[in-house]
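Asks: Sequence:
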Amino acid sequence: SEQDPQIIEKAESQKLSLPQVSNFSAIKGRGVKANYNEKAFYVGGPRLLEMLDLSLSEEFQKFTESAGEKSQTVVYLTTDKQLIAAFGVADVIRSSSKPAIDKLHESGIQVVMLTGDSKAVAESVAKELRIDTVFAEVLPEDKDKKVVELQKKGNKVAFVGDGVNDAPALTRADIGIAIGGGTDVAIESAGLILVQSNPLDVVKIIHLSKASHRKMVQNLWWAAGYNIIALPLAAGILAPWGIVLSPAVGALLMSLSTIIVAINAQLLRRETLTIPGESN
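Counting in this note's numbering, the sequence shown runs from 1 upward without gaps.
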């Protein structure tokens, strides 16, 4: 799960040795399972407890409530029949996340968060980042359904993800954007890949795509307008007045049209993608 590295880092910082497990497997939307000393152990969230039909004792209930107030996600360690431990973990919000969302809002783009985290944690993050809409406690297989739901409302959806569970949504979205450091499945499912895991790069992609569209429109109008004027001239529309274009001049003017279109397209290289206040 996304929280596993944090738990491992904490254990290593306290010089705790990590046991060797076998038969490790992921339980979709629930957590993970592994065997240690021929006994099955599970790590996961509330849905794992539901699957194993385990309930929280008063002590664990208080810990869970306390973690929720701190915007922490609770991860449980259990056996088939007993809850052993609970961990409160929280993702550190990137410093570039809020500026990226602010820039998207300035461009008139709504930001939606899809997460399997609890509603309390999701809403806390959304409030801090000013995210417009939140779908919390979403199962992995339901992420693409949420994308379809947004599309049915007439929205064009760009989906940013990095995990195996994000692959269907990346494929379903109008634009799938994968984080470069994500899983191979997510990267293969996306139409665009962010080499650096920087949310501000999403803003740059949208800026560049809009600039490219403007250049396409400019070039189409130029080519159409140029030919509307040039073709009648080449056909001799001004011949009655003694104005006739020679074949050489006609060829030169035709080449000039192509050159102007190519030069205008090259001007895209001058687009500024650096965002004010962005650190290198």
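Calculated directly from the structure, the hints in this document are not laboratory data.
Keep in mind that the hints are not guaranteed to be accurate.
[Unchecked claim] The calculated label-pair distances, taken between Cβ atoms and stated as ranges, are: (1) Y36 - K152: 45 to 53 Å; (2) E188 - I260: 35 to 43 Å; (3) H207 - A11: 39 to 47 Å; (4) H105 - L192: 15 to 23 Å; (5) H105 - K28: 29 to 37 Å; (6) E188 - K153: 24 to 32 Å; (7) R130 - K39: 29 to 37 Å; (8) I263 - E12: 56 to 64 Å; (9) K70 - V185: 26 to 34 Å; (10) D174 - K28: 55 to 63 Å; (11) I84 - E188: 47 to 55 Å; (12) S57 - G108: 45 to 53 Å.
[To be verified] DSSO-like cross-link-like pairs, simulated, lysine-lysine; straight-line CA separation at most 27 Å: (13) K81 - K156; (14) K15 - K98; (15) K33 - K15; (16) K28 - K119; (17) K153 - K204; (18) K28 - K81; (19) K204 - K156; (20) K98 - K204; (21) K39 - K15; (22) K146 - K127; (23) K119 - K70; (24) K119 - K153; (25) K33 - K98; (26) K98 - K62; (27) K62 - K33; (28) K103 - K10; (29) K204 - K103; (30) K127 - K62; (31) K33 - K119; (32) K39 - K70; (33) K146 - K156; (34) K153 - K210; (35) K119 - K152; (36) K81 - K103; (37) K10 - K39; (38) K103 - K156; (39) K215 - K156; (40) K127 - K70.
Where is the CB? At the ideal position from N, CA and C, for every residue including glycine.
Asks: For a quick check of understanding: which of the numbered hints are violated here, in increasing order?
Replies: 7, 10, 11, 13, 14, 25, 26, 28, 32 and 36
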